[in-house]
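Chains A and B are the protein sequences, given in the same order.
Heads up: the first sequence begins at 3 in the working numbering, then just goes up one per residue.
Heads up: the second sequence begins at 25 in the working numbering, then just goes up one per residue.
Everything labelled a hint here was simulated from the structure, so no lab data went into it.
Model, not experiment: these values are computed from the prediction.
Just so you know, even glycine gets a beta-carbon here, dropped at the ideal spot from N, CA and C.
Careful: at least some of the hints might be erroneous.
What the hints assert, rightly or not - In silico negatives: residues of chain B with every beta carbon more than 10 Å from chain A:
hint, residue
1, T47
2, A53
3, P54
4, L66
5, W89
6, L90
7, V124
8, E142
9, V185
10, R220
11, D229
12, R330
What the hints assert, rightly or not - Keeping only pairs whose Cα atoms sit at most 30 Å apart, straight-line, the calculated DSS-like set for lysine-lysine is:
hint, chain 1, residue 1, chain 2, residue 2
13, B, K82, B, K65
14, B, K30, B, K65
15, A, K226, A, K35
16, B, K82, A, K138
17, B, K82, B, K30
18, A, K35, B, K82
Stated by the list, open to error - Heads up, incomplete: computed chain B residues facing chain A, CB under 10 Å, no partners named:
hint, residue
19, M59
20, R93
21, E120
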Amino acid sequence: MAGEIQNPIIRVRDITVQFGTTRVLDGLNLDVKRGEILGFVGPSGAGKSVLTRTIIGLVPKVAGRIEVFGVDLDASNTSQRRNVERRWGVLFQQGALFSSLTVRQNIQFPMREYLRVSQRLMDEITIAKLTMVGLKPEVAERFPSELSGGMIKRVALARALSLDPDLVFLDEPTSGLDPIGAGDFDELVRTLQRTLGLTVFMVTHDLDSLYTACDRIAVLGNGKIIAAGSIADMQASQHPWLRQYFHGKRARAVMG
Amino acid sequence: MSGDPKLERIAKGNALALCATGTWTASFAPVLERMVADAEKLAGGSQSIFIDVSEVAKLDTFGAWLIERLRRSLTQGAVEAQIAGLSANYSSLVDEVRRVRATPVIDTGAITITGMLEQIGRAVAGVAGTVAGLIDMLGAVLAACGRVLIHPRSLRLTSTVHHLEQVCWRAVPIVVLITFLIGCIIAQQGIFHFRRFGADLFVVDMLGVLVLREIGVLLVAIMVAGRSGSAYTAELGSMKMREEIDALRTMGFDPIEVLVLPRMLALVLALPILAFLGAMAALYGGGLVAWLYGGVEPEAFLLRLRDAISIDHFIVGIVKAPVMAAVIGIVACVEGLAVQGSAESLGQHTTSSVVKGIFFVIVMDGVFAIFFASIGM
C-alpha cells in the first residue's frame, strides 16, 4: 500500500501512436500522481484525445508501455484488466450516454455489470450521484435526448463516478458549457476530488479550468510532453506555444 | 487493512451505540445492506443513538449512503441518531450524502392489461396519422418537383446521380442473382408438376406471364424496399439526430429539395431499370432450367415465349415500377425524418420503413391488378 502511494497512478513510457504514416504520439512519457488533478493541454489536433484513448485502450499503440494502478495493461490478463476498468471512469467529450436508456438506467448500467446490489440501493445511490453532480432527482427518468448540453455532461460524470472509481478521465468536460456552468463544473470536479479522493486526468482547453481546478499541467506538442508542472511553471516557460497560450489575450483576461 | 465490514452493538446504558468496522465499500454492498437492515430494527426506546465509524477502514459512496440510511431510520421523533468518530478524510463525503433527498423516484414500469389495450388503441389511431404523413410528404415532394420544373437548375444533379449509383448500379448484382434463382425455381416447379399432365411446354407461358406481370417487379420492389428504403431512413434519421437537417433549414435550404427529392428521383429511375433487368434474369434462369431439366430446347422456348406473351404483359409490369418506387421512397423519407434523439428510435423507424414499404408495395400491386383486370389488359 505504501508503495502504491508513492508510485504514480498512471505511468506512460515511450508511447508511440501512428495513424497510417502520420505519427501522432512519438515516444511520449507521462506520470499522473495519486490524488492530483492533472490538466492536459495542447494545440487542437496535437493528440490529447488520442493519448487519453490510448491509455484507456481504445487506440492501439505501436510501441511503449502503459501502467495504470501499477498494472501493465499489455501484460495483464482479462480479469486484471477488468479490475482496472472497474476502478476508472471515463467522461467522453460528447457524453456518450446510452441514448435508449434513461438517466437512471445509464448510471446503474455499470453497477448492474460489476456489483451485486439491490435495486433499492442502486436507486438511492443514483439519486446520491445525481445530487453530487448538482442535478435534481427528477432528471433520473428522462432520456438523454431530453437533456441540455450541460446536463448531459453532468449525467455523464455521474455515470463515470457510479462505481466510485479511483481515477477519472475527463475529455474536455467544460467545452460547450457557458462560463458559469463551466465554473460550476470545475468547482464540482474539485469537490468530488476532495470527497471521493479521486485522481483526475482532464483534457481541456479552458484556461479557467487550468487556473481553478488543476494541481498540475502537462502540455502536449509534437507528439511529446513539452512541459509539465504547476501553473507558475507554465507561465515562466519560454516555449513559444506556451508563451502564446499563457500570455495571450484570453489568458490575460482570465488572470485579470 | 481491509477486512470484512461489521456492525456491532455496544451496550451503553439506555443509549444505543453501534460500531462500524472494516471496509464499507460497494464490493461488500449486499452484506452491508443486510447488516443495516438488521440494525434498523434496534430503533426505539433509547435516549440517544450513536453510530461510531472511527474504525471504518475504507468508505465510498455506497458505504456512506448505507450509514446515512441507518442514521435516518434510527432517528425517531426527538431522538436524533448521531454519527461519531468520523475521520477528516470522509467527513465531506458523508456531508455530501446527507444532502441527498430520501425518497427515490421509482417508476412504475409494470405492464398492465389496460396499458396494453391503450397501446393498441393508440396504434390504431396512429394509422390515420401515418397516412396523413405520407400524403403530406407526397405533396411536399410534388411541390418541390414543381419548383425544380420552373427552375431546372435547382435540381441537385450530382446528388441524384450519386444516389442512382447507390440504389441502381450497386444493386444490379444482387437483384439479378436473386431474380435469376427465382426464375429457375418457378421453371423447375412448373415442369415438375405440369409434366404429369404432359403440359411441359406450358411452363413457358406461366414463366413469361408471371415474371413480366407480377414476380419481376414485385420481387425487385421488395428487395429495393429492404435495401435502399432502409438506407434512406437510416441516413435521414442519423442526420436528423445530429441536427444536420436543422442546419440545412437555417441556411435557407429546403430539406425536401436537397435531401428527399434526389433520393426519390434516383429511386423512381432505378426501380424500372432493376425490374427490367430482374425480369430478363428470371426469364434466362427459367429458360436455362427448362432446357437442362425439362429438355425444352432454347429455340422452342423462345418461340413459345413469343406466342405466350404480348407487349401488354411487359407494360403492365413496368408501369408499376415507378409508382412502387415512389411509395417506397416516400415511406422511407417520412420515417427517416420522424426519428427522435435515440439510437433505439433510429432502429424502430428503420424497421417500420421496411415493413411499411413492403406492405404498401403489395397493396399497390393489388390495386394495379384490379385496375388492369377492369381495363382488360
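*Any hints from earlier that this structure breaks? Give me their numbers in increasing order, please.*
2, 3, 5, 6, 7 and 19
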